[in-house]
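Given these sequences and hints, build the entire structure.
Residue numbers (the working numbering): 1 to 351.
These are calculated hints, taken from the structure and not from any lab test. This list has only true hints and no planted wrong ones.
Okay, the calculated beta carbon distance ranges per label pair:
1. R4 x K183: 48 to 56 Å
2. R121 x P25: 30 to 38 Å
3. A242 x A62: 53 to 61 Å
4. R4 x S301: 31 to 39 Å
5. L332 x A272: 39 to 47 Å
Straight-line Cα separation of at most 27 Å, DSSO-like style, residue types lysine-lysine; simulated pairs:
6. K230 x K172
7. K172 x K183
8. K39 x K61
Glycine included, C-beta positions come from ideal geometry on N, C-alpha and C.
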Amino acid sequence: MPIRVIQWTTGPIGRAALREAIENPELDLVGVFVHSEDKVGVDAGTLVGLPPTGILATNDKARIVALDADAVIHAASKAVGTDTSAEDIEALLTSGKSVISTMSYTHVPTVSQDVHERFQRACAAGGSRFLAAGEHPGFMFERLAVGLTLLSQRVDRITVQEFVDCSHMPQKEMLVDLMGMGKQPEEITTESPVFRSMSVEFEQSLAAAADALGLRIDEIRAEIRTAVGKADVVLPVATLPAGTVVGQILTWTAYHAGEPTLVAEEYWTCTADIPEWELALDGHTVRVIIEGAPRMNLELSVDLAPLPELGDLSGGVVAVAMTAVRAIPYVLRAQPGIVVPEIFGAYRWPS
Numbered sequence: 001m002p003i004r005v006i007q008w009t010t011g012p013i014g015r016a017a018l019r020e021a022i023e024n025p026e027l028d029l030v031g032v033f034v035h036s037e038d039k040v041g042v043d044a045g046t047l048v049g050l051p052p053t054g055i056l057a058t059n060d061k062a063r064i065v066a067l068d069a070d071a072v073i074h075a076a077s078k079a080v081g082t083d084t085s086a087e088d089i090e091a092l093l094t095s096g097k098s099v100i101s102t103m104s105y106t107h108v109p110t111v112s113q114d115v116h117e118r119f120q121r122a123c124a125a126g127g128s129r130f131l132a133a134g135e136h137p138g139f140m141f142e143r144l145a146v147g148l149t150l151l152s153q154r155v156d157r158i159t160v161q162e163f164v165d166c167s168h169m170p171q172k173e174m175l176v177d178l179m180g181m182g183k184q185p186e187e188i189t190t191e192s193p194v195f196r197s198m199s200v201e202f203e204q205s206l207a208a209a210a211d212a213l214g215l216r217i218d219e220i221r222a223e224i225r226t227a228v229g230k231a232d233v234v235l236p237v238a239t240l241p242a243g244t245v246v247g248q249i250l251t252w253t254a255y256h257a258g259e260p261t262l263v264a265e266e267y268w269t270c271t272a273d274i275p276e277w278e279l280a281l282d283g284h285t286v287r288v289i290i291e292g293a294p295r296m297n298l299e300l301s302v303d304l305a306p307l308p309e310l311g312d313l314s315g316g317v318v319a320v321a322m323t324a325v326r327a328i329p330y331v332l333r334a335q336p337g338i339v340v341p342e343i344f345g346a347y348r349w350p351s
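As C-alpha cells, then:
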C-alpha cells in the first residue's frame with residue numbers, strides 16, 4: 001500500500017520532492033501546502049510540469065494538519081517571512097503525521113532544548129516520528145564521514161571540507177552584500193548574519209557526528225580566513241577589485257580534552273587563483289579527511305548543473321530533496337520520537 005505523503009512548500013527543494021512524490025509508485029500524494037497566493041488552487045502536477053494529479057495546493061495550515069497522511073516532507077524556506085517551522089512541525093507531529101524536514105534541525109537540542117522537548121512531546125502525543133534530512137549539513141559529516149570510521153582502528157580527527165565555486169552566483173546582493181566578496185578582509189567577521197546562520201547549522205552537524213561517535217564536545221570554536229585577489233576578478237554579476245576578498249574559509253572546530261577533533265570547513269571561492277589554499281579541482285566538492293589508523297582522504301563531487309528531465313532543477317537541490325524522500329519508509333518503521341540514523345559499526349571514541 002503506498003505511503004500517503006504531504007508536500008510542505010514548493011520552493012526548489014520542495015518541487016524536487018513533490019515531483020518524486022507524484023512519480024514514485026510507493027508514494028501517494030494527498031496534499032500540498034504553499035505560501036504564495038498565486039499557487040493556491042493550482043494542481044500539484046502543474047507546479048512541477050507534470051500532468052494534473054487532482055491534488056490542489058492550499059495555504060490553509062489547518063486543512064493540511066487535518067488531512068489523513070502518514071508523512072510530511074517539510075521543505076520550508078528560511079526566506080519566507082517569519083520562521084514558524086518549529087510550530088508547524090509540532091502541529092503536524094501532534095496530528096499523527098511523521099515529519100521529515102530539510103530545515104536546520106539535524107541536532108535539535110543544539111537548536112533549543114525547548115524545541116527538542118516540544119518535538120518529543122508532540123511525537124509521543126501523535127505516535128509520530130521526526131527526522132532532519134539534508135545533504136550538508138545532514139549527510140556528509142553525520143553519515144558519510146562517520147560511516148567511513150567503520151574502517152578505522154583509531155580516529156584522531158575528522159575534517160569535512162566543502163568547496164563551493166561562487167563565481168557563477170546569479171545575484172550580486174548574495175555574493176557581495178551578504179557573503180562579503182569584494183569587501184576588505186577586515187569587514188569579514190564571525191558576527192555577520194550569514195556566518196551566524198551557518199553556525200546554527202554546522203554546530204548541529206558537529207554535535208550529531210559527536211553523538212554517533214560517542215565523543216564529548218567541550219567547546220566549538222569558529223573562525224574565518226580570507227584570501228584577496230591579486231588582480232580584478234570579473235564575474236557575471238560583479239567585478240571584485242584587486243586587493244579585496246575573493247575567497248573565504250569558514251571553520252567550526254569541536255574540541256575534546258583540549259584537542260581539535262571534528263572540523264567543518266566551508267571554502268567559498270570566486271577564482272581558482274588562490275595558491276595558498278589547497279582547493280578541489282571541481283566546482284562543488286566535499287572532501288573527508290580522517291586522521292588516525294589508517295589515514296583516509298575521500299573526495300566526492302556533486303554536479304550542480306540543471307537537470308532537464310527534472311524541470312531544470314539543479315543537482316544540488318535534487319540531492320537535498322532525495323535525502324528526505326528516501327528516508328520516509330525507514331522513518332515510518334522507527335519507534336515514535338526523534339529519529340537518529342544509526343551508523344552500524346562506527347568508531348566509538350574512548351571515554
